[in-house]
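Full structure from sequences and hints, please.
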Amino acid sequence: MLKLFIYKADNKMKKIISILLLAVFFYSCKQTGEPYIVGEHIINEAVYASGEVYPTQYYFLKSPKTAPILRILVKEGDYVLAGDILVIMGSTDETKKIRLAFDQVTIARENANGNSAILNEIQAKIDIAQQQYQQDKAHAESYHTLAATKAVSLQEAESKLLAAERSLAEVNTLKEQYTVTQNRLNNQLLTTELQLADVSRQYNDNAIRSNISGKVYSILKEEGETADSDTPILMVGVDNAFKLELSIDERDISKITTGQKIYFESNTYPGKQFKAFISKIDPVMRKDLRYFKVEALISDSTFFFPQSSAEACIIIRENANAIMIPFGYLNGDNICLPSKTEKVMVPVKTGIRINDLIEIKAGIVAGDIILKPAVQ
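Counting in the numbering used here, the sequence shown tops out at residue 516, every number present.
Simulated from the structure, these hints should not be mistaken for lab results. Just so it is clear, the structure is predicted and the values come from calculations on it, not from any experiment. Some clues are possibly wrong.
To be verified - Distance ranges between label pairs, derived from CB positions:
1. Glu451 / Asp370: 24 to 34 Å
2. Glu333 / Lys433: 41 to 51 Å
3. Ala381 / Glu333: 36 to 46 Å
4. Ser419 / Asp370: 27 to 37 Å
5. Asp370 / Lys433: 14 to 24 Å
For glycine and all other residues, C-beta sits at the position ideal for the given N, C-alpha and C.
This is how it looks when you write it as structure tokens:
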């Protein structure tokens, strides 16, 4: 338990009707005892809370669907960036499909490349055919000149011309074959890329990425285990910046405001006290347990272990001046005061009780003399 002066208001604190709404009433004290001079006391008031320590930003990575864990790509203590793949869900068959699709794309890309073996073979035939055409063309032109001088027959010249035409036709046929083959290979590449994209989409659906940059604090599952949307696989959070997540009783939440100081202890550092400040108040009550969630930023630079338990005191008032009287001087919600002619009952508004003393917030002031009701 924290070594603080912890004072908590009575859970059944009675409400006093506002003096602004009703006139103060007096009536005679039928029986009174010893007098008491009202004075101020220095008090500390705090609200007890319990909770856990967490990084200021964290999340539990979960699978979007029920599936086996194929690979966990990180270890505890690793630092990751937002968007990094941390876990791959699914089976080995799905991984094989990805590899096969990737290999098919690689082969198709190599085949569609201008330097591929298939296209190089056709290009080599084109080069040979073009050389043959150039030779045949030269012979045809030569024989055509010779035929004009009657050195060769016209029939021989026409024969060389036909050979050149056949060579040119072979070149054009091979070029067309090259274009058709190239188009076919490009279509095959497109088909395999679409297949890879489809398989990759399924892979990406199974690849769970980090939402934030930070540290892997804990791995809660193992490869081969089945995970679902309700079961965390691992925890990622920012490093060296921590907060408290506290549970506040619904009867105390009205006293809590942002900026209030907190003293707390963690079981991981027994006997050592740390300081924090309220940073966030969840205004919605957790109906199942009847509490409110409050967050507080830890001002200490100590490394804390996430999810370690903590006990805290939220300081409501520290070293505050307050009117305190012995509890036995109360008569219900009234106090007996002596006057010049008679003793009267004055209604008061009470605050916290500390041992045998109770705070008086309204009705009397320091220096007043009050009378203790006699035991009847």
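Here's how the hints hold up against the structure:
1. In this structure the supplied range 24 to 34 Å holds for Glu451 paired with Asp370, their Cβ-Cβ distance being about 29 Å.
2. Checked against the hint of 41 to 51 Å, the pair Glu333 and Lys433 passes, with Cβ atoms roughly 49 Å apart.
3. Look at Ala381 against Glu333: about 44 Å separates their beta carbons, and that is inside 36 to 46 Å.
4. Hint check: Ser419 to Asp370, Cβ distance near 28 Å, so the stated range 27 to 37 Å holds.
5. Distance hint for Asp370 and Lys433: a CB-CB separation of about 20 Å, consistent with the stated range 14 to 24 Å.
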